[in-house]
Amino acid sequence: MSLTMSLYLPIAGNSVNCLAIFGLGGVVGLLSGIFGVGGGFLMTPLLIMMGIPPTVAAASDSNQIVGASTSGTLAHFRHGNVDIKMGLLLLIGGVVGGTVGVQIIAVLRKLGNADFLISITYVLMLGFVGGYMFLESLQAMRKSSQPKTEEPQRRESLYAKMIRIMPLQVDFHRSGIRLSLFMPFFLGILVGVLAAIMGVGGGFIMVPVMVYLLRMPMHVVVGTSLFQILFTCMNVTVMQAAQNHTVDFILALLLLLGSAIGAQLGAKVGKKLGGEHLKILLASLVLIVMFKMLYDLLAMPDVLLAYAGGH
Amino acid sequence: MQSNFSHHAKHLLLTTVILLLPALAAASSSESLSVVPASIVMGAQYNGLDLTVSGTVPADSEVIVRLTGAASELHLREKGKVFGLLWMNVGKVTLSNVPKVCLINASSPLELLGKAAAPFRLAALAKGIGIEKDGGDASMDIPHQLLLLKTKEKLYGESAQGITLGPNEGGMRPFTAVIKVPSALAPGEYQVEAISVHNDAVTSHATAAIKAELVGFPKWLSDLAFQKSMLYGVMATVVAIFSGLVIGLVFQSKGAH
Chain A
71 MSLTMSLYLP
81 IAGNSVNCLA
91 IFGLGGVVGL
101 LSGIFGVGGG
111 FLMTPLLIMM
121 GIPPTVAAAS
131 DSNQIVGAST
141 SGTLAHFRHG
151 NVDIKMGLLL
161 LIGGVVGGTV
171 GVQIIAVLRK
181 LGNADFLISI
191 TYVLMLGFVG
201 GYMFLESLQA
211 MRKSSQPKTE
221 EPQRRESLYA
231 KMIRIMPLQV
241 DFHRSGIRLS
251 LFMPFFLGIL
261 VGVLAAIMGV
271 GGGFIMVPVM
281 VYLLRMPMHV
291 VVGTSLFQIL
301 FTCMNVTVMQ
311 AAQNHTVDFI
321 LALLLLLGSA
331 IGAQLGAKVG
341 KKLGGEHLKI
351 LLASLVLIVM
361 FKMLYDLLAM
371 PDVLLAYAGG
381 H
Chain B
945 MQSNFSHHAK
955 HLLLTTVILL
965 LPALAAASSS
975 ESLSVVPASI
985 VMGAQYNGLD
995 LTVSGTVPAD
1005 SEVIVRLTGA
1015 ASELHLREKG
1025 KVFGLLWMNV
1035 GKVTLSNVPK
1045 VCLINASSPL
1055 ELLGKAAAPF
1065 RLAALAKGIG
1075 IEKDGGDASM
1085 DIPHQLLLLK
1095 TKEKLYGESA
1105 QGITLGPNEG
1115 GMRPFTAVIK
1125 VPSALAPGEY
1135 QVEAISVHND
1145 AVTSHATAAI
1155 KAELVGFPKW
1165 LSDLAFQKSM
1175 LYGVMATVVA
1185 IFSGLVIGLV
1195 FQSKGAH
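Residue numbers (this note's numbering), protein chains in the order written: chain A, 71 to 381; chain B, 945 to 1201.
No lab work stands behind these hints, which were simulated from the structure alone. A few of these clues could be false.
As the list claims (entries may be wrong) - So the derived label-pair ranges between C-beta atoms look like this: (1) B:Thr1151 x A:Met120: 31 to 37 Å; (2) B:Lys1155 x A:Val177: 44 to 50 Å; (3) B:Ser1083 x A:Phe147: 55 to 61 Å; (4) B:Asp1078 x A:Gly197: 27 to 33 Å; (5) B:Lys1098 x A:Asp366: 50 to 56 Å; (6) A:Ser214 x B:Trp1164: 53 to 59 Å; (7) A:Tyr377 x B:Lys1155: 23 to 29 Å; (8) A:Ser227 x B:Leu1029: 36 to 42 Å; (9) A:Leu368 x B:Gln1105: 35 to 41 Å; (10) B:Gly1024 x A:Lys213: 43 to 49 Å; (11) B:Ala1015 x A:Gly150: 43 to 49 Å; (12) A:Tyr377 x B:Phe1027: 22 to 28 Å; (13) B:Gly1024 x A:Tyr202: 30 to 36 Å; (14) B:Val980 x A:Lys342: 36 to 42 Å.
Unchecked claim - Stretch by stretch, here's where chain B covers chain A in the computed footprint (C-beta under 8 Å, at least three residues): (15) 160 to 173; (16) 256 to 265.
Glycine residues also receive a C-beta, built at the ideal position from the N, C-alpha and C atoms.
In isolation and in its complexed conformation, chain B is listed as follows (with noise of 0.2 Å):
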């Protein structure tokens, strides 16, 4: 009878461990992770980073890291044909949810990578987008064109370079990605994820809060502008006048000479 017990609760105890495996894979990534640098400091010289991600993963698996987020409302206008020859605006699109940022690094083509990779591919993003549409074509691909426009801005991208995997080390192996953050980053926060699959499975998933900040002169102005704008608008025209001035009258003293 002691024996079919302990049987049984041996049993559970293996059950129990194998269907916490992948959750016990992911946490053991999630502490591995590492964010350098921890946060992104938007000074007076920030000119965009190298955001670099570094962690272990599985060794038979794929690494695909990601930086997302800082979800917003955009308001945008959308093109289209009038009277079947000119391009102009023909409608206002509000898009809810949207993130800033999706930056997308794989360490093979996210092609070939399967379905496991698919919901953290940009397409996928698409999806969690709310539209609000007033006027244009009922047919559009709204959340194409909008991973269009932020793809030329360099804010959107997918890339299969960046990401080093190092040796086969106990069945797991390190990885190293660099991610490139674009100058035109909003502060707010920020999420890395990396993410191992194989054989169309998620084998791992692990992620890192990271927070872009504005500090010094930066801060500075943009706190009086945002919190006292009325006295921002009359700084900026009495500085105009005066610098203006000043330029009047050096051109005037080097005029008579």
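The shape of chain A in the complex, shown without the other chains (with noise of 0.2 Å):
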């Protein structure tokens, strides 16, 4: 007796082995939950290669991130670990960037060249955030490793005293800093023109943004960052099924059933893992698909064509 497990997808128009995309999701899930990024960035060239259109990867990924992101974001709320004033204030932003990214890729499609732009911007992007991501966990590591000594008085840098002195300052409690309401809010727009210029979800923006210019600590940052994910996916599946029918609801729920159980051990064991070996981890994870990123750029296609669509 055979026991198959393949499962014919109608929106995708192919078949799948339920196990594989059940694991690819788990895998994924597992980085979402540890590191608060969607896994878009991954999971749409991975489901490419399983036989998926790229259309239809890249939108049924935004369900699946929606399922995720939802246990992922519980995990982390019941650890205390969400900032809502802040997350709310990111997804505004957010969306008002992402609007105004679509208008700049539709003004520079018109001029040509908007995809070697979207690619170099993509590949520096990675490089820059993954390469400083990695360098200063490194040194963090470093000096955790010798002896404590008194900690050297620091100086206060002009960027910290350019966000004491902006205006409308409130308290966020959860991630125990005061900032201008303004701060996240343009942090917001400038990561939605970003996420929307290189089609993703901007996750692995969204982190090292939080990080280092809002500097909330790691493990906040995390469930602020899979909240605010959330409500970006919910509109990006729902435009999506609604104006392209590339959303393979079946797909996406074999996937998240595997992502969200994989966020769930991801967020415990983020919740273990120091927050510097969290950022050395997920600059790592930004390094290596730069990296893929950069070989796809240099080294020639077998296929001269490719379908339209995807990241």
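With the hints as a guide, bring the two chains together.
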């Protein structure tokens, strides 16, 4: 007797092995739970490799991220790691930035060479974010391994002075910081613009922005990032389903069963890892994706035609 | 006079029969072409299938069996080198009349079947495709690249395997071909053809239509996604949130113990 694990997906127009999809969801969900990133930058290329059309892979991935980030947000919320006020401000900024970014990309496409700018932005952003996080975390880990000495008095940077004098200062209790309301809003716009140009959820940009520019503690960053991603992906899922008919709900359900479980485990693993360990692991992941993208840009493809759509 | 008329009539009848022979042969093959299963039913468990095509052909001929169909428009990106260094999308290509599937099996390698086989090969298929380009390299061989793309996806292919020929029975012999239909098949109308060739000539050409259609849950889901797309999107989002919450709560209860 043979037990078939294949399932036909009518929107993707292909059959898949349920266990393989479940496993893929689990691995990406684990990363999502640990680092607070949506995982779209990993999941979509892997789904395409499994025979899913690029447009369906990207849209269905957004649908599964809704489930995974719900589960992840819940887990982090229970641990007190979601700053809802900060998340909402970043979200509002992100929606405004996303709308602006879509307009920018439309103008760039008319001018030509938009794809070149997108690819270069992608590689540079990944390289800069990944490289900076990696080096900074490495330095911090080295310092913490040395015997503790008297903490030297830090001189206040220009950036710190600037954020201190901005108007509408409020307390973000969960994050333990005091900031102007404009800060998360404008940074949300910035991430929204970049995410729209690059065609991704923006989790891997948002996390470093929260850590380095908003100076939030790493564990609150992860929970708050997931909270924000949840709303972004809800919007994307409904829009993609209504306009492009590219959401494969069954594919998403299989992925999210794996990823929601993975995200729960990820939240537990993340809790056990130190903030610097988390940062250095995320930085390594971002750098790996950057090198893969760079390789794809430099190596001649087997086929010089590709389907339109996808990330 | 009557004998002369009779002679002319016999001559005319003979000429007509000779002229109609290939058509009659084709018609007779067409009648005997059998495709099993008669339709491709795409339910939740569909994972591609083996399509068995059988019929008879003139005894001294080789056989080509092909599955083609569901012509559609295709939107593609053309890749090219920018600044002599980076490979990226440099143009858009819209192709029309592209069959989603073209799978060709032959009883001998197609290269050995001569010019009679040429119109039934992948290279000939590319000639009927409409091309619209926006940017990119004007000299790029788009049809060739399309064949590479589709062959990589296993939707196009040429093979000299999968056909068995039976013994000669009164100048004809039976054949059975097995076509591996991929799982990435779109619903639609397809055509199965059996062509026999001998000495650079087509000796018979039989066709049969076959329909691929969604049934059961995949059909229901597809109808919902395309006909009530907003409802489908909201449902997909709500189910995702609900599933995430349930899994979250399950973990919470496990964590409590």
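Against the structure, the hints:
1. About 35 Å separates the C-beta atoms of Thr1151 (chain B) and Met120 (chain A), a value consistent with the hinted range of 31 to 37 Å.
2. At roughly 46 Å, the beta-carbon separation of Lys1155 (chain B) and Val177 (chain A) lies within the given 44 to 50 Å, and the hint holds.
3. At roughly 58 Å, the beta-carbon separation of Ser1083 (chain B) and Phe147 (chain A) lies within the given 55 to 61 Å, and the hint holds.
4. In this structure, Asp1078 (chain B) and Gly197 (chain A) meet the distance hint of 27 to 33 Å, their C-beta atoms being roughly 31 Å apart.
5. The supplied range of 50 to 56 Å is broken by Lys1098 (chain B) and Asp366 (chain A), whose beta-carbon atoms lie about 22 Å from each other.
6. Checking the proposed 53 to 59 Å range against Ser214 (chain A) and Trp1164 (chain B) shows it holds: the Cβ atoms sit about 57 Å from each other.
7. Between Tyr377 (chain A) and Lys1155 (chain B) the CB atoms are about 25 Å apart, so this pair conforms to the stated range of 23 to 29 Å.
8. Judged by the Cβ atoms, the range 36 to 42 Å given for Ser227 (chain A) and Leu1029 (chain B) holds: they are separated by roughly 38 Å.
9. The beta-carbon spacing between Leu368 (chain A) and Gln1105 (chain B), approximately 38 Å, falls within the hinted interval of 35 to 41 Å.
10. Between Gly1024 (chain B) and Lys213 (chain A) the C-beta distance comes to about 48 Å, which sits within the given range of 43 to 49 Å.
11. Evaluation of the 43 to 49 Å hint for Ala1015 (chain B) and Gly150 (chain A) yields a failure: the beta carbon distance comes to about 58 Å.
12. Distance hint check: the CB atoms of Tyr377 (chain A) and Phe1027 (chain B) are about 25 Å apart, consistent with the given range 22 to 28 Å.
13. Between Gly1024 (chain B) and Tyr202 (chain A) the beta carbon distance is about 32 Å. The supplied range of 30 to 36 Å therefore holds.
14. Distance hint for Val980 (chain B) and Lys342 (chain A): a CB-CB separation of about 58 Å, inconsistent with the stated range 36 to 42 Å.
15. With 0 residues bearing a CB less than 8 Å from a CB of chain B, the segment 160 to 173 of chain A misses the requirement of three and the coverage assertion fails.
16. Here the segment 256 to 265 of chain A counts 0 residues with a CB under 8 Å from a CB of chain B, which misses the bar of 3, and the coverage is violated.
Consistency with the previously given hints fails for numbers 5, 11, 14, 15 and 16, ordered from lowest to highest.
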